[in-house]
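Asker: Here are the chains, one letter per residue:
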Amino acid sequence: MAMLERMDVTLDELKHLVSEEALQGDTLLLNMGPQHPSTHGVLRLLLELDGEIIVNCVPDIGFLHTGIEKNMEAKTYAKAEVMTDRLDYLNTMGNNLAYCLAVERLAELDVPERAQVVRVIFAELQRIASHLVWLGTQALDLAAMSVFLYCFREREYILDIMELCSGQRMMTTYIRPGGLWRDVPVEFETAVRDFVAYMPKRIDQYEALLTKNPIFIDRVRGIGVMTKEQALAWGATGSTARGSGVTYDIRKAMPYSGYEQYDFEVPTHPDGDVYARYQVRMEEMRQSLRIIDQAINRLPMGPFRSNNRKYVPPPRSELGRSMEAVIHHFKLWTEGYNVPKGSVYQVVESPRGELGVMLESDGGPKPYRIKWRTPSFSHIQLLSWIANGHYVADLVAIIGSIDIVLGDTDR
Amino acid sequence: MEMDTNTLNAAVQDLEANFSGKVIEFRGQKQVSVPVDQIVAAAAALRDKYSFEVMPDITAVDYWPQTSPRFHVVYQFNSVSKNIRVTVRVPLDGNQPSLPTMIGVYPNANWLERELWDMFGIRVEGHPDLRRILMPYDWEGHPLRKDYPLGYEEVQFTFNYDEIDQRKPRPKE
Numbered sequence: 000m001a002m003l004e005r006m007d008v009t010l011d012e013l014k015h016l017v018s019e020e021a022l023q024g025d026t027l028l029l030n031m032g033p034q035h036p037s038t039h040g041v042l043r044l045l046l047e048l049d050g051e052i053i054v055n056c057v058p059d060i061g062f063l064h065t066g067i068e069k070n071m072e073a074k075t076y077a078k079a080e081v082m083t084d085r086l087d088y089l090n091t092m093g094n095n096l097a098y099c100l101a102v103e104r105l106a107e108l109d110v111p112e113r114a115q116v117v118r119v120i121f122a123e124l125q126r127i128a129s130h131l132v133w134l135g136t137q138a139l140d141l142a143a144m145s146v147f148l149y150c151f152r153e154r155e156y157i158l159d160i161m162e163l164c165s166g167q168r169m170m171t172t173y174i175r176p177g178g179l180w181r182d183v184p185v186e187f188e189t190a191v192r193d194f195v196a197y198m199p200k201r202i203d204q205y206e207a208l209l210t211k212n213p214i215f216i217d218r219v220r221g222i223g224v225m226t227k228e229q230a231l232a233w234g235a236t237g238s239t240a241r242g243s244g245v246t247y248d249i250r251k252a253m254p255y256s257g258y259e260q261y262d263f264e265v266p267t268h269p270d271g272d273v274y275a276r277y278q279v280r281m282e283e284m285r286q287s288l289r290i291i292d293q294a295i296n297r298l299p300m301g302p303f304r305s306n307n308r309k310y311v312p313p314p315r316s317e318l319g320r321s322m323e324a325v326i327h328h329f330k331l332w333t334e335g336y337n338v339p340k341g342s343v344y345q346v347v348e349s350p351r352g353e354l355g356v357m358l359e360s361d362g363g364p365k366p367y368r369i370k371w372r373t374p375s376f377s378h379i380q381l382l383s384w385i386a387n388g389h390y391v392a393d394l395v396a397i398i399g400s401i402d403i404v405l406g407d408t409d410r
Numbered sequence: 000m001e002m003d004t005n006t007l008n009a010a011v012q013d014l015e016a017n018f019s020g021k022v023i024e025f026r027g028q029k030q031v032s033v034p035v036d037q038i039v040a041a042a043a044a045l046r047d048k049y050s051f052e053v054m055p056d057i058t059a060v061d062y063w064p065q066t067s068p069r070f071h072v073v074y075q076f077n078s079v080s081k082n083i084r085v086t087v088r089v090p091l092d093g094n095q096p097s098l099p100t101m102i103g104v105y106p107n108a109n110w111l112e113r114e115l116w117d118m119f120g121i122r123v124e125g126h127p128d129l130r131r132i133l134m135p136y137d138w139e140g141h142p143l144r145k146d147y148p149l150g151y152e153e154v155q156f157t158f159n160y161d162e163i164d165q166r167k168p169r170p171k172e
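Going down the list, the protein sequences come from chains X and U. The first sequence runs 0 to 410 under numbering that gives the first Met the number 0. The second sequence runs 0 to 172 under numbering that gives the first Met the number 0.
This is chain U alone, in the form it adopts within the complex (with noise of 0.2 angstroms):
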């Protein structure tokens, strides 16, 4: 199956000129910035114009200390029929972040922004369902974002077991 880099270029042009994009080719996949307000606009674009029929995947990369943009939330975008990918970011600013749902375009992102906001509290408006999804539904924080410790357990030996012992984590009853 041949790649179709004609309808791949037309995409990435369209997406700078009327989604104020900037287009960075890396390695050779193209990935293009697009303002948060303009991307699911772009996102219905590039599925209806340029058959992107698939989006396989939404993330986020977390900049802390850099506060603007804080996070990128980076999506994929797949199309089946023309085999090209093309990555579309998006900065967003500050410590309490928020973006526009992607269900209305792929309902499968359902999943994705739940995960979103799970894993690095990027609200998600318009989203009907936002829960956690990987944590316990009574966890505080957001581990993947970069200002979250990794945590670590301390080793007891015989002169500080009873002292760790009081502090260690324990299993909710």
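In isolation and in its complexed conformation, chain X is listed as follows (with noise of 0.2 angstroms):
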């Protein structure tokens, strides 16, 4: 009774959330997270039940806001890459690989050649990683539990890949405006060969355990169905997109850091339920195998970043001999560098969709506004129209379908 003097939200406000059989008691308003295990992170969901079957499903987030758009505001270029990282925490180098190609369009910065494909390794490594978090969770929350384990064990491989070269499992910052932190190390190349040649019969294995299984296929087909009309209108982009038949892939259509010159296909499936979802991410983690195995035997040398030093920190070795170097190493590190006055959206296909930054600079050392355009943000929201009709238990297989992060939602 206490609580409910303090809030100052009156019933009224958040009566049009739920049906009339709510108010009058006919159906059961249950509240699921946020912190339910199936959830993936800290969701809250506010579910309106006839029995077992979902009338009214509203998705309650925010519980991770950080601020991360607001501190990055504070921050100058260089520094604001750090928070990039903690947004999607299972992407972190996609999420540096947008926030350094809208900086690098805004200042017009040159990337070379080198570095630009080690950016494509990285990318698709990332994006088998987080398939695999998603395949492992989306199979724990159909009750397989071994496919959880194998899953986490393929993915301590790449993780091992990320530390050699960048000395973090996870937060990174290792893509950096105008290159890379530091060059990859010698083991780099054997340590990539090894994890191609060793993850196809990975990936068949995972796909003996689920794709023709019976009970697996039971809770998935018909689940969850979105048309491609409906995709498109309510938002969805990247795998979630594709499992409606939508034809759409970033690295296709408007390419970056070089992904035009990679031979893959753009996986799709017309059925839209979480069986076609589960089908497309499977196809895309031999799809990111074979761009890996393009991009490792055409690794140029040469240098691996930007020669630019009003924007790129110079080498070591030149501080000790050079006025100018130590020059410009103190402005970058003490004042950052200025980026031309303007505005650009950047986006790239992160493993869950569009990732995309709004980025305007009023020509100082930090960011004016950086908008990040999630899409996990974007797929939270069609919770609310594809789990209508369904069991609880398959808003469970739902939730993993759609491939959410909540660091990525909420920022």
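No lab work stands behind these hints, which were simulated from the structure alone. Be aware that one or more of the hints could be misleading.
[To be verified] Under the rule of at most 16 angstroms between Cα atoms (straight-line distance), these lysine to aspartate or glutamate pairs were calculated in the EDC-like manner:
#	chain 1	residue 1	chain 2	residue 2
1	X	K340	U	D128
2	X	K251	U	D128
3	X	K251	X	E264
4	U	K145	X	D361
5	X	K14	U	D128
Given the structure is predicted, the values throughout are model-derived calculations rather than measurements.
Given two chains presented individually in distinct reference frames, assemble the corresponding complex, making use of the accompanying hints.
Answerer: In structure tokens:
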């Protein structure tokens, strides 16, 4: 009772969220989350149930809101990049890449070929790692425990490669405006080749466990159906939209980092249910391996970051003998660099969908406004449409299939 | 997939001619500034005539202390079939701005407009569910406005521990 007195939100303001039956007590209101294991983070869902059937699903987000956009406005471009890792913690390299591409586009900064290829390798490794977490948790939610363990075993290989290059498993900040933080070590090539050789038969094994498994198919086929038109109107992107037959991939449509030079397919599936999204993502992992294989074979020698000293720090070896280098280094680490005035919208294909950065500069050393258009934010909104009419147990499958990360949603 | 630049140019020219749009091209991206009373009609034209099926994003930029315009609301439009993108900016004056809702044209505007209200205090007329989305329901102020301070935590030392402790923010019970 004491709590009700303090609430300054009246019931009238929230009545419209549920149907008339709920107010009369004919249907049941149930809170799912924010600490529910299968909501993949801190997602709260208010469910209106008629028996075991969902009549109404009201997602409630914001539990992980950390004000990253506001914080980035107060930091220089170099310092702000560190925050990008914390957005979508399963796609750290992809976030770095989106941010760097936006800064590079504003500053018209060149990126050497070697850095471009390494960026592609890491973006695809990260896609596989993210899909492995998705597959593991999706299967775990449907009570297939062993898949989860296998997926996390393979993901560790990728995190090891990331640690080898950046020193960090997850919060890498390895891709920097103008190139990379440092060159990849000599062991990198072997590690990636080993992974590319090892991974395909592992994907076959996951498929052997799930794809034709009748228990799995019973749980996923015909669940959470979304037509192509609905997917577009509701703002679905990435593999979630491709599972509804939308043939659109930003890597093909608006190539960045030299994606136009690689040969790969964009898998789609017309059904639009959880099983379709599962099949699309499984095929995407194979396509990513194809891209990595092509990239590692064409990895050129050469500089790993731009030579534009107004934006990119000089190499350590020059600091001892060049006054210019010392000045540049000092300016870059104290004041930062000024980026020309203007506004760009840069998109990349993250494992979850369209990751967009709206970056606006006022000509100073800090981003004037940076907006992260994150795929998970759009996809959680889908739940209020596609969950209706399903059992609560199927909602768990739907949440898994739209592949959400709450850090990505709440920013 | 090739970009259909003819459709893009036609769409931009249509916005310029029929919706009093002003076109800026920057780093190869087209941005059109459209007045607030025409934005919904402009979006409907983009969707129906030029097949911009997806609206990925709505956001805003605050130019405080400037008041006219104080805000730019930024809409992104994407055409999946024609592979083109266009940015539409809507200037808004004053400290209590409002604009009409886009839900009738693009249903996914619902949450994006709630975020616009939550973060910038831009009221969306005709929105069915204009509650805060990211901040707690009883939060005061709109964090992404430029006159909203970033906030910080004061460091406590032995000599001023109690003094700072008294004014420290605490979680609500």
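Asker: Please go over all the hints and tell whether each is borne out by the structure.
Answerer: Here is what the structure says about each hint:
1. K340(X) x D128(U): Cα-Cα ~36 angstroms, so violated.
2. K251(X) x D128(U): violated (37 angstroms)
3. K251(X) x E264(X): holds (9 angstroms)
4. K145(U) x D361(X): holds (13 angstroms)
5. K14(X) x D128(U): holds (10 angstroms)
Figure legend: structure checked against the earlier numbered hints; hints not met, in rising order: 1, 2.
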